[in-house]
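Number of protein chains: 4
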Amino acid sequence: MNHNSNDTQKNKLTGQDVAKHSSKDDCWVIIHGRAYDVTEFLPEHPGGPKIILKYAGKDATEEYEPIHPPDTLDKYLDKSKHLGEVDMGTVEKEEKAADPDEEERQARIARMPILEQCYNLMDFEAVAKRTMKKTAWAYYSSGADDEITLRENHSAFHKIWFRPRILEDVENIDTSTTMLGSKVSIPFYVTATALGKLGNPEGEVVLTRGAKKHNVVQMIPTLASCSFDEIVDAAEGDQVQWLQLYVNKNRDITKRIIQHAEKRGCKGLFITVDAPQLGRREKDMRSKFDDVGSNVQDTGGDNVDRSQGAARAISSFIDPALSWKDIPWFKSVTKMPIILKGVQRVEDVIRAINVGCQGVVLSNHGGRQLDFARSGIEVLAEVMPELRRLGLQDQIEIFIDGGVRRATDIIKALCLGAKGVGIGRPFLYAMSAYGLPGVDRAMQLLKDEMEMNMRLIGCSSVDQLGPEFVDTRGLSMHTTGVPSDTLGLNVYDPLAGPKEKAGERAKL
Amino acid sequence: MNHNSNDTQKNKLTGQDVAKHSSKDDCWVIIHGRAYDVTEFLPEHPGGPKIILKYAGKDATEEYEPIHPPDTLDKYLDKSKHLGEVDMGTVEKEEKAADPDEEERQARIARMPILEQCYNLMDFEAVAKRTMKKTAWAYYSSGADDEITLRENHSAFHKIWFRPRILEDVENIDTSTTMLGSKVSIPFYVTATALGKLGNPEGEVVLTRGAKKHNVVQMIPTLASCSFDEIVDAAEGDQVQWLQLYVNKNRDITKRIIQHAEKRGCKGLFITVDAPQLGRREKDMRSKFDDVGSNVQDTGGDNVDRSQGAARAISSFIDPALSWKDIPWFKSVTKMPIILKGVQRVEDVIRAINVGCQGVVLSNHGGRQLDFARSGIEVLAEVMPELRRLGLQDQIEIFIDGGVRRATDIIKALCLGAKGVGIGRPFLYAMSAYGLPGVDRAMQLLKDEMEMNMRLIGCSSVDQLGPEFVDTRGLSMHTTGVPSDTLGLNVYDPLAGPKEKAGERAKL
Amino acid sequence: MNHNSNDTQKNKLTGQDVAKHSSKDDCWVIIHGRAYDVTEFLPEHPGGPKIILKYAGKDATEEYEPIHPPDTLDKYLDKSKHLGEVDMGTVEKEEKAADPDEEERQARIARMPILEQCYNLMDFEAVAKRTMKKTAWAYYSSGADDEITLRENHSAFHKIWFRPRILEDVENIDTSTTMLGSKVSIPFYVTATALGKLGNPEGEVVLTRGAKKHNVVQMIPTLASCSFDEIVDAAEGDQVQWLQLYVNKNRDITKRIIQHAEKRGCKGLFITVDAPQLGRREKDMRSKFDDVGSNVQDTGGDNVDRSQGAARAISSFIDPALSWKDIPWFKSVTKMPIILKGVQRVEDVIRAINVGCQGVVLSNHGGRQLDFARSGIEVLAEVMPELRRLGLQDQIEIFIDGGVRRATDIIKALCLGAKGVGIGRPFLYAMSAYGLPGVDRAMQLLKDEMEMNMRLIGCSSVDQLGPEFVDTRGLSMHTTGVPSDTLGLNVYDPLAGPKEKAGERAKL
Amino acid sequence: MNHNSNDTQKNKLTGQDVAKHSSKDDCWVIIHGRAYDVTEFLPEHPGGPKIILKYAGKDATEEYEPIHPPDTLDKYLDKSKHLGEVDMGTVEKEEKAADPDEEERQARIARMPILEQCYNLMDFEAVAKRTMKKTAWAYYSSGADDEITLRENHSAFHKIWFRPRILEDVENIDTSTTMLGSKVSIPFYVTATALGKLGNPEGEVVLTRGAKKHNVVQMIPTLASCSFDEIVDAAEGDQVQWLQLYVNKNRDITKRIIQHAEKRGCKGLFITVDAPQLGRREKDMRSKFDDVGSNVQDTGGDNVDRSQGAARAISSFIDPALSWKDIPWFKSVTKMPIILKGVQRVEDVIRAINVGCQGVVLSNHGGRQLDFARSGIEVLAEVMPELRRLGLQDQIEIFIDGGVRRATDIIKALCLGAKGVGIGRPFLYAMSAYGLPGVDRAMQLLKDEMEMNMRLIGCSSVDQLGPEFVDTRGLSMHTTGVPSDTLGLNVYDPLAGPKEKAGERAKL
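Chains as they are written, first to last, in my numbering: chain A, 1 to 508; chain B, 1 to 508; chain C, 1 to 508; chain D, 1 to 508.
Hints are supplied without guarantee of correctness; some may be wrong.
Lysine-lysine pairs mimicking BS3-like chemistry, simulated, CA-CA at most 30 angstroms apart [to be verified]:
| id | chain 1 | residue 1 | chain 2 | residue 2 |
| --- | --- | --- | --- | --- |
| 1 | B | LYS213 | A | LYS499 |
| 2 | A | LYS501 | B | LYS335 |
| 3 | B | LYS335 | B | LYS267 |
Derived from the structure by calculation, the hints contain no laboratory data.
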């Protein structure tokens, strides 16, 4: 039987044909109506063989789709394993077992608040948490180890307080600024986040459209669900995009990616330097285990399942040997400004200046890599005074990301010297819950907050913001209270307010 | 048909007449027995058109009453739209649908604790929270963004501890002092708060009577439910009142208000400088949404409802361009002392002295404007040492407001150099729950606490209070603990006290 | 009818006689089998008239007993109002209405843990909380205002950490020391607490016996339920007792008390200086309201009930004019060492030295007086370095009380320079729950802990303890965290441990 | 009847024979099929007589086994009391009463997560907590007093944050190091913990095998359930073991132990110096009470049960007089390096150097001894700067233990100057829940975390770690928040996210 793709029209495979190949030693799967022999690929699959074997002999499209860009099979599976079209009418529709979790989720979707009820970025997250698929939620929301850095990222902003000035004319507020030479309407950008189709079937292009509408920059992720070209194609007019880059061990591939991006008009190359290996995210790992783990019976120590969540599955190509000595090479292959994403201490900011980088992003990768990495905003407060002391503050543009949820967070970062802030998850959540209208409203809410709070701090344009407007005395303290005196707390009888009238039970 | 108001006696409108005009394009409403054509006014209504349309063709008095001073319609709706009296007997009584929330509220009112069970200012708030209408509660109790400043305002007092002295003769305690030259019996004043009728049908005059009884000053709010003259008329004898002023874009209106207040005997002009735009208060916005949002069906991003709670509805006239250069003009139109209300850093206190202000209120507007604005008491601790260093401490009277709930809070403020403190919400809650007797008891409780605590700190008059009586080392630290180690806390098995005897279930 | 007490034998009153006098204008009560006419006394009753009127015409003994020392009626009610004996057989036994609260309490008493299950001082409190009468619990456990100082007192010890030394011979531990010249077996004393009979029908003499057994000093309270002489009579051998003194406005009474105490052998005069007026304790006030408030119907503001809990009821005699200039007089009327109890700052310790006091107790009255008064242990850390700097550390004995619950607390105080610590409530709770065996075990547990912890810190006698054994860097910080970001915390999805196997619901 | 062990073959005792001796005055028990007369031993039993009397006349093996090493009876009970073999077929099988707690535990074991679901060390603890016997859990998990130090030990690591460097070649990570001259694959060792058979019937040898597999050192505990030789015999090849030593009052015994260990190849002598007396652990005491306390009826104070949990039961031989002057003697009896385990301040580290110790373990005994002892990691931060200042940092190897749960904890310790860290409880929990596979996986997880986090901090070998990689500004603060304002918190109405659609109840 010849499965050459030229004659598929007359000679389609049937579901029965494929179903015969359903074992570890002979494994076919159907994706987007075409069959593939993945037997030899099984041990190499970055996500582990188990998840493929679940679909051996069956249609795997639904599972495959959100976590593989369209060109994946062409790139990674030899053409000889492409078996050609399948007559999908002959493929047995899987009688899906009633899934009470999914039914509850659908019921929650039916009761979803309308978009106008979301008044801030946390609201979108609250809706997304209840309406997204559990595995998708786990992938987006998880962080490293105990997720302490994940939470510290936002919490750190709470240690910075304002010193507003009064009686300034704040009738007209201008929130626009420039980043790497591009004019933007407000000092945030959509930072790179992976696997957009987990949240929305259209993927990252939804963010492209939202960024266009609000005139902010989008950073295109290496690990997008959409292909790079799809995302660039979705941009309109002079819309500015940047490229986020995980550096491949194979520098030829890296060079091709960079130069293609430059040709397609990208205005900045953000090299991720805080992820030589993608982090362990236990929430994600547990979620994946729940999904594929039901047929695991053994409890022996030797047969440990090495699959570790979506993050690890997609990142094996990243080069952990990337180092400072590679920077000149990057400068030799592109004219785009080079920005290091993931810098975490002042020494490395100075080094970035010395090697000729145009910017750094102070970031801990959204709390997804090293737990107890400090927040970007805290590192910023360490960096800027030292740069000023050395007279280097104008040699580089400093960005931060991580934990930004309110316009007050953005204002604090700008007061401390950042050129702009990256926002990632909140837009993913808005997109997952409400699609483009969600992203639109999320950005509009930030703009409304920004205008309001600029006015209340007494500044009518972002260049007026400076360190005199913030009180950061508590910022660098990483305190934990003395563990509680359980016995003492248990015997304390807390004060209660006035009781309601007798005769009826009530709590006031 | 001629609806000229002169012939309404013989020619009243009927309910049916009005009911015909119940659409967006032809909208009449009845208020206090008179009909008005508000069709053209709909798009201009500061509270948004939706809330009016809910009552199109119907009697809107109950909704209208608490948030519009008596002279509103005369001021803002052209006389030609005043359609004259309605024969209210012909107006169909709306069969109110049974409202379980309201029924529960009435049941809670029936079980309300008696006044004597309120032992402190928080107790009134606890009662008000359960007995007020939800929208009124939301308006009074809400704050900006995450309400962090709202809570910090009281919490900041908890970081100040006493250093009492002993063995002073404290038999006779004199809590009286002067503010702006007026003698008062205790160093607090009733600060300006908007929309008093939301809590009590009589509105702000209840506070006037309470202030009289306890010989404290009342600050009259621009956004009162009662008219300014009603509040002044409610004062007795030499009762002192001040005017709180939101400055109108139209300075003629502002001038008229100021000069009228001066003529009526106001003894101080408090210009609000922390509210060029009234804040976003999400609790208030959500509450309003619940009220009018039921007929909202669309979830598109473009048709966003711009109505944003009571606060935004009533404040569109405020001039965001007000600036330091306007101060001389104020001095030119009045002889009243001028006090800036809402100063938040020492630089601006010094500037206020330089432009000839007689006072400042260190305030963040009760946490209703800029979240992460510092508390008044914290700013006070920043201000006074610097004024003393510059020898300016006697050039100006410093007040604070925000978060004052106990006499200890008042004493702390006076120790740190304040002349007096403003108290707002607690009296609103006392009034909402119990009317004038509530306000009376709230003030009496503060006086009792004040006398007690002056005695315990070892001071018999307020002029003895000074910085040596307080320990403020922790005041300026804005700490947040390291986020919790959830897994670790979950596995910790807290200590428990002795178990009761076996055989019977109990928790000790 | 002649009610002269001489002929009561033959001519006893009947219950019916008394029952006729049951109104506000004619009020008799029976106490310990004798009738009294308290009509004229009603308005003067420190606890308010209501509580007496509840028993008008009836037997009030049960209510009267625990809060009035035996000699009260003789002292305060004119002999003419002593109506003589009542034939108690004729007094109608009040059919007590079934009281579900009391029934539940009796059930809890039946299930009470056995004494051996109490392993520390908090355990006694846990048992007492569930088994004491609610009003008694409220009186013992309550503190001033928000009870923040009440809790800070123990919490402050948690900010002090040890720097133990190793490899010292700690086979034999000697915990004995001296206080004001008296040898004691361990450096704590039983400090004065009022109204012991609320917790145990025998009252303070139980503590006397416990103190004897463990060779520690008892301080006799002015406001004891037992009379002073009963408590002194309960002492055995050379048992040491001190006198706690509230100074009466009438100095003759005060002088008589002091000289009587000296004659009876008291070895120290502790003058309370932190209570010119006894504190407002809202828990106590609410508890009393619940007890007598049921017949209160009016909610008007003018008829406010002024009764304010047990504390206020018993303290009206205290002189708020007591001052430094009275100290020489005390020295003139007694040879006992004079100790000021309730000193709260270093300036006043120095002043106490200068006026010739032999000691001070750094104390805030167990958190019952001024809220936000600092803990004794914190004041100690302020006092001692300054005394050492001035070379005054040997001029005076410093004691502290408040919040001591563990031997580690005692050791910390001694390391910081205290001669000993006072412990009050814990022994009251032990007595209330288990009587003398409870007090005995509580003291023994402290001794066991003390020996253990001295050993572990590497000191074999109390004179070895010093500041080098403690780390107090966190002691003086009064921090409150930034108020929580409710929305953010709500959307965070906490990490969970491994799930149990599917098919069965469980939480791990 | 002659119970000489020589003729037991023909002349076994019967169950009935033994059952006759079941009183306090005549008490036999069966252990491992042999009878013993323990009547005279009862008062000497370190665990108290009660627990033995529970088994008087019966088979006590199950209770005896885990807490007594195999050679206990030979060592402590005179041969004349060894009564010989029992025909176990004649021993009445105790009809075990249905124990609902045990049934629930067995059900939990049946639902136990599979090993692969444990992703970190806390996960093993979570499983062990639910599947271990309650008394065993209480012994392992308990700490001193309020267990504040117990929890602080891990919490202290949370105050240390990273300053990672970027763009270092981290392709190959080498986590190996040396401790006391031995090469190990990762810088942790299995520290000594008592009574391994409480968690696993095989006891400490399971840890030996795990340590071998991962090439880490095991420290052999004095109080092991296995005998010392069993543990050494379980080692393979050149596996390194150390000896943990509680010093016996009888130095001959101590000398014999040390010299035997040296002969068997131990490579280090860790003398415990923080436990002159084993700590009070109330959780353990309560647990033991629950177990034996059911027949306790009296509540008198004099008949106090002195049994105080497993810890106290097994430690009465420890010499509390051990002191610095004993160190030369230790050096005279062994060539093994001498390390002091339980040092808690810098002064004693310097003294250890001066007396010629090769190492110290900064430790508070896992929080089981002195509450408010500081964590090892905090003491380390005090020690190293002082050693460096004195030029002593290379004179001694510094280890820490306590609270290590994550590889980040290990890295923090090494950055601050530790040579390695001891881990105890986590391996006990892994062993208790899953046996050797659990220990294996726990160690593998730490190795995976270690490699990952070394990579993320930018270091490829442990010698690169140093203080510049950590931010410890918050480490030494022992803060407790100001006690909460209960009334205020109760009336605050927390913000809530968007509500779901009306008509259906749900919480978002």
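Structure-based check of each hint:
no., hint, verdict
1, B:LYS213 to A:LYS499, "28 angstroms, holds"
2, A:LYS501 to B:LYS335, "52 angstroms, violated"
3, B:LYS335 to B:LYS267, "9 angstroms, holds"
Figure legend: structure checked against the earlier numbered hints; the only hint not met is number 2.
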